[in-house]
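**Student:** Using my numbering, read the first sequence as starting at 1 and increasing by one per residue.
Hint data in this document are derived by calculation from the structure and do not stem from the laboratory.
None of these values were measured; they are calculated from a predicted model.
One or more hints might be untrue.
[Unchecked claim] Listed below are the simulated DSSO-like cross-link pairs for lysine-lysine, each with C-alpha atoms no more than 30 angstroms apart in a straight line:
#1 K49 <-> K132
#2 K44 <-> K32
#3 K254 <-> K185
#4 K150 <-> K132
#5 K92 <-> K32
#6 K32 <-> K132
#7 K132 <-> K22
#8 K274 <-> K149
#9 K22 <-> K92
#10 K132 <-> K50
#11 K32 <-> K22
[What the hints assert, rightly or not] Here are the computed distance ranges between Cβ atoms for each label pair:
#12 D146 <-> T194: 15 to 21 angstroms
#13 Q142 <-> G87: 40 to 46 angstroms
#14 N205 <-> Y29: 43 to 49 angstroms
#15 K92 <-> E213: 31 to 37 angstroms
#16 E216 <-> A157: 30 to 36 angstroms
#17 T196 <-> P89: 54 to 60 angstroms
#18 R153 <-> L125: 27 to 33 angstroms
#19 K258 <-> N122: 40 to 46 angstroms
#20 T194 <-> G20: 47 to 53 angstroms
#21 L139 <-> D88: 32 to 38 angstroms
#22 N133 <-> R153: 18 to 24 angstroms
#23 N205 <-> A123: 35 to 41 angstroms
Where a beta carbon is used, it is the ideal one built from N, C-alpha and C, also for glycine.
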Amino acid sequence: MPELPEVETVRQTLQPKLAGLKFCGVQVYLPKMIKTPEPEQFIKEIDGKKIVKLSRRGKYLILNLSDQYTLVVHLRMTGSLVYCENGDPLSKHTHVVFNLSNGAQLRFTDIRQFGQLWLVPNASLDSLSGLKNLGVEPLESQFTRDYLKKELRNRHARIKPLLLDQTIIAGLGNIYTDEALHRAKINPERLATTLTPREIASLYNAIRAVLQEGIENKGTTFRNFIDGEGRAGNYQEQLQVYSREGEPCSNCGKVIVKKKVGGRSSYYCPSCQKAK
DNA sequence: ATGACGTCCTGCCTGC
DNA sequence: TGCAGGCAGGACGTCA
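All chains should be modelled from the sequences, with the hints used to inform the complete structure.
**Tutor:** This is the structure we're talking about:
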């Protein structure tokens, strides 16, 4: 389940491998992964384009190409984008293979087939509504305590679903949200309007910290995540609550519980993160 | 406008 | 032992 730190890890590992190379033909084994344009057109248009630079916005990986084009990739739950040698064996879940000008390949693999690819002229990037409507980058300077306070004010929703809302903060998913709430000692079911200024400040710091640590540890590999070179991340070893139901809280020793919040499983310490 | 919930999909795990 | 069913969750569509 790639979230911001995982997508950023993919970007960092692929950037030195891909920058300057050209696409030399694409094999599309599962056409539905390509959202735009039509797969036939996609194959034609991307051919010969050069990869100038890799960037990221929220959980979207963005390949800036020559000729004012952009290849946008979303890995969703189980997607991966890996730089491979031509002869490496193909996985049964590899759906798109890009041939590169140095003879290597870039392969898009996705067990659950939720991932998506878009190829668009830069001028049409706004047609990708998910990308266009993203909120602030939580590690950039636009994300401030005041921004968080303003966004949470007047929202009669529980805090957890709001943190998962990509139009507010871009890049948080289930794992880092639970970790941030635990660090800030806030129960995932608290109504956003009931958070005190002190709690919001604590939450702000916690969000930045867990994302930063996730990147430093090259992401969390809970089930499927691998980076652009096929390697797993390390942050799962440092998770304090996610997927640790029944284990003792690192802070107080009480047992971590699991409960559905907003339809998503949430892990928290009922002692440190009181419902109030 | 806002929040709740179903949908997509495969693999893994549990329980009968 | 084998199989059915539940669960995992990012983003989007639909509904109230």
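**Student:** Each hint needs a verdict: does it hold in this structure or not?
**Tutor:** Hint by hint, here is what the structure shows:
For the hint linking K49 to K132, the alpha-carbon distance of about 24 angstroms falls within 30 angstroms, and the restraint holds. A C-alpha spacing of about 17 angstroms is found between K44 and K32, which places the hinted pair at or below 30 angstroms, so the restraint holds. Our distance criterion of 30 angstroms between C-alpha atoms is met by K254 and K185, whose separation comes to about 13 angstroms. Between K150 and K132 the alpha-carbon distance is near 21 angstroms, which keeps this suggested pair within the 30 angstroms criterion.
For the given pair, K92 sits about 16 angstroms from K32 by alpha-carbon distance, which is consistent with the 30 angstroms threshold. For the proposed pair K32 and K132, the alpha carbon gap of about 22 angstroms is at most 30 angstroms, so the pair holds. A hinted pair counts as satisfied when its Cα atoms are at most 30 angstroms apart, and K132 with K22 qualifies at roughly 27 angstroms. A threshold of 30 angstroms between alpha carbons decides the hint, and for K274 with K149 the separation of about 20 angstroms falls inside it, so the pair holds.
Taking the CA atoms of K22 and K92, the gap is near 25 angstroms; set against the 30 angstroms cutoff, the hint holds. For the suggested pair K132 and K50, the alpha carbons sit about 24 angstroms apart, so the restraint of at most 30 angstroms is met. As the CA atoms of K32 and K22 are separated by approximately 24 angstroms, the hinted pair is consistent with the 30 angstroms bound. Separation of D146 from T194 is about 19 angstroms and conforms to the stated range, judged on CB atoms against 15 to 21 angstroms.
For the pair Q142 and G87, the supplied restraint of 40 to 46 angstroms holds, since their beta-carbon distance comes to about 45 angstroms. At roughly 44 angstroms, the beta carbons of N205 and Y29 sit within the given window of 43 to 49 angstroms. Separation of K92 from E213 is about 34 angstroms and conforms to the stated range, judged on CB atoms against 31 to 37 angstroms. Separation of E216 from A157 is about 31 angstroms and conforms to the stated range, judged on CB atoms against 30 to 36 angstroms.
Between T196 and P89 the beta carbon distance is about 55 angstroms. The supplied range of 54 to 60 angstroms therefore holds. For the pair R153 and L125, the beta carbons lie near 31 angstroms from each other, so the given range of 27 to 33 angstroms is met. Range check, K258 to N122: Cβ separation about 44 angstroms, and the 40 to 46 angstroms hint holds. Range check, T194 to G20: about 52 angstroms between beta-carbon atoms, so the 47 to 53 angstroms window is met.
Taking the beta carbon of each, L139 and D88 are about 33 angstroms apart, inside 32 to 38 angstroms as hinted. For the pair N133 and R153, the supplied restraint of 18 to 24 angstroms holds, since their beta-carbon distance comes to about 20 angstroms. The hint said 35 to 41 angstroms for the Cβ distance between N205 and A123, and at roughly 39 angstroms that hint holds.
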